[in-house]
Amino acid sequence: MLEIKNLHARIEDKEILKGINLEVKAGEVHAIMGPNGAGKSTLSSVIAGKEDYEISKGGISLSGEDLLELDPTERAHKGVFMSFQYPVEIPGVSVTNFIKTAINETRKANGLENMPAKEMLQKIREKSTLLEIDRKFLSRSLNEGFSGGEKKRNEIFQMAMLEPKLAILDETDSGLDIDALRIVSNGVNKLKSKDNAVIVITHYQRLLDYIKPDFVHVLFDGKIVKTGDASLALELEEKGYDWIKEEVNA
Amino acid sequence: MSKYTEDDLKEELKDKEYEYGFYTDIESETFPIGLNEEIVRAISKKKEEPEWMTEWRLEAFRVWKEMEEPEWANVNYEKPDFQSIAYYSAPKSIDPNKTLDDVDPDLLAMYKKLGISIDEQKRMNNIAMDIVVDSVSVATTFQDTLAEKGIIFCPISEAIQKHPDLVKKYLGTIVPQKDNFYAALNSAVFSDGSFCYIPKGVKCPMELSTYFRINQAGTGQFERTLVIADEGSYVSYLEGCTAPSRDENQLHAAVVELIALDDAEIKYSTVQNWFPGNAEGKGGVYNFVTKRGLCERNAKISWTQVETGSAVTWKYPSCILKGNNSVGEFYSIAVTNNFQQADTGTKMIHLGKNTKSTIISKGISAGKSQNSYRGLVQIGPRATNARNFSQCDSLLMGNECGAHTFPYIEAKNNTAQIEHEATTSKIGEDQIFYCNQRGIDTEKAIALIVNGFSKEVLNKLPMEFAVEAQKLLEISLEGSVG
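For the protein sequence lines, the chains are A and B, in the order given.
Numbered according to the numbering used here, the first sequence spans residues 1 to 250.
Numbered according to the numbering used here, the second sequence spans residues 1 to 482.
Chain A on its own, in the form it takes in the complex (with noise of 0.2 Å):
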């Protein structure tokens, strides 16, 4: 579904991506694991089209269409979600306005009518009751004085709303109580099916007592220096990331 290919990517004269290659096929998970700095968070952002970087060699594409050719708006309509690690406040637009204009705007994009009220607001009850989500949060502006947990809940909530092929979590666990944690969690493994497909990213194994990763990768340096089942996760939880750095630099 997605591959990247040697991916270089700057950030004015500061290469942060050193050639990445990823394939992530419909029905996976995959993790992506790193220290600070590695460049997780740049890699998520150049897939979702921040126009911050210049991709200076090499490509991504899903399901065979070439994302850098598209804008970030044209890429969420081909189905390409990204949970911020910092999601922006909108004062004055309440969560249920911006989820709605969101769907329907990727609906017209698609060449569908506006989704009729009754259905949006039966997704918004089931969606909301998965991931426990008090009615009365829907009416608040968009991330205004939300807690930590709440606003990565809200992009959660989004997420099954708009129901993506490619969603890419970035730090979702960061700030979340553990209650939090499973409740995200159990919302993300809900949603997950043969059709589409999850990249995790994080600082820490946590995440993935809850979300099961099929691959998980480590990104150094702006590479992937390795790859490997869940267990991966679990010795770079144990052993930190010092061993890895050893290894690259070896």
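No wet-lab data here; the hints were simulated from the structure.
A hint or two may mislead.
Said to hold, decoys possible - Cβ-Cβ distance ranges computed for the label pairs, FRET-style:
no.	chain 1	residue 1	chain 2	residue 2	range
1	A	Asp-179	B	Asn-278	52 to 60 Å
2	B	Glu-429	A	Arg-206	26 to 34 Å
3	A	Arg-206	B	Ala-422	54 to 62 Å
4	B	Trp-72	A	Glu-65	30 to 38 Å
5	A	Glu-113	B	Trp-72	52 to 60 Å
6	B	Pro-205	A	Asn-114	28 to 36 Å
7	B	Lys-79	A	Glu-119	55 to 63 Å
8	B	Glu-400	A	Ser-147	54 to 62 Å
9	A	Gly-175	B	Glu-421	24 to 32 Å
10	B	Glu-443	A	Glu-235	47 to 55 Å
11	A	Asn-114	B	Tyr-408	30 to 38 Å
12	A	Ser-139	B	Ala-422	23 to 31 Å
13	A	Ala-230	B	Glu-429	34 to 42 Å
14	B	Glu-421	A	Asp-229	30 to 38 Å
Keep in mind that this is a model prediction, so the values were computed, not measured.
Beta carbons are placed, not taken as given, at the ideal position from N, Cα and C, and that holds for glycine.
Assemble the complex: chain A is given as a structure, and chain B must be docked to it using the hints.
Same frame as chain A, now just chain B:
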């Protein structure tokens, strides 16, 4: 009067080409350009006004001649040449016995273009329309329903004839002829406008609505509106403006006077969308408006305005809180884009005891525009326990526009409580990217953010207007982000 005949004029008008916008070729009658006592008399005569009205206009004209155009506002523009404006223009085909079916089809077509087909309005909106094209009211609807309740809603020219006592009693009492330069000009030359009287204890069952537009070449428009809510009555009044776009600056100097007697309430909502000039700052309407209301005991006046149009706006809908326990409110959204300039705000004059006022102002600036809030909160010596809350928020888009706030506070009674809050924010790239990532393109994202920012004020508008206002916000900010 000069010897410029009607036919000469018609001929000249025919030759005019319109570069922008559309122009409906309705047979019109326009006075020669320029302003002098003769013209003032002629306008009054044309309207078949009584002598007292003619004198009232002349008085205003004499005062105006001695006045100077104010320069204190934070706007720059080339001053209009008041001697090169035609002060009267009326669509010709008027017959008071006409029904809507008889209305000039061209005119009806124009309404349709503007999305305000009368039929549609009648059928769907439960709104009584007193539509003003240029200077004379052409079609009035729902008169019968209103008449049953004793409500008078008619062109002010008609009110001068049919209800002279009411007009005489209140006209110019809130905005005197010599109040300011533009008010004086309006008093001398106003051609038409609306008059509304709600009798004691009557709640007006529908929103009253007026649409104004400028249609005649080189014709300034000078509406005069007078709304009187008698004791214990209620009325919600909507005023919407659209103007066919054009290439020369047009002057618009309206006066609105509201009188809320004891226990009465007036809600006055405006959507203003005069031609703002093109993207290079050429053309556009000069909108110099004086709006003021008086609250007697326990009365309430609420001004809500959505200002998206005009090249230059100078407008301060105000409340004189004369009666004890009276309430004044001002909710405003002002959008400026490209080269637009707006200097707008309100005055809350607290005279009575326990008077309360609320000011919520939302300024949105884009392009190279300048947007100023100017407001005065004045607490008189006898206004014990007066309270005011003001909130002025500015939203900036891009790096070339400006937002300014000029709050003036004068408190002469030490029991007054005055609060003022102000914020300035900018639409951030991270907000846009976030929306983009969710499939919302940049244009739509801006509309969403702006609507969110303006929500407190949009919520104050009557339903039908709120939808229109939201659309207007989107349209006026189109192309404001590259």
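Structure-inconsistent hints, enumerated in ascending order: Violated hints (numbers, rising): 3, 4, 8, 11 and 14; every other hint is consistent with the structure.
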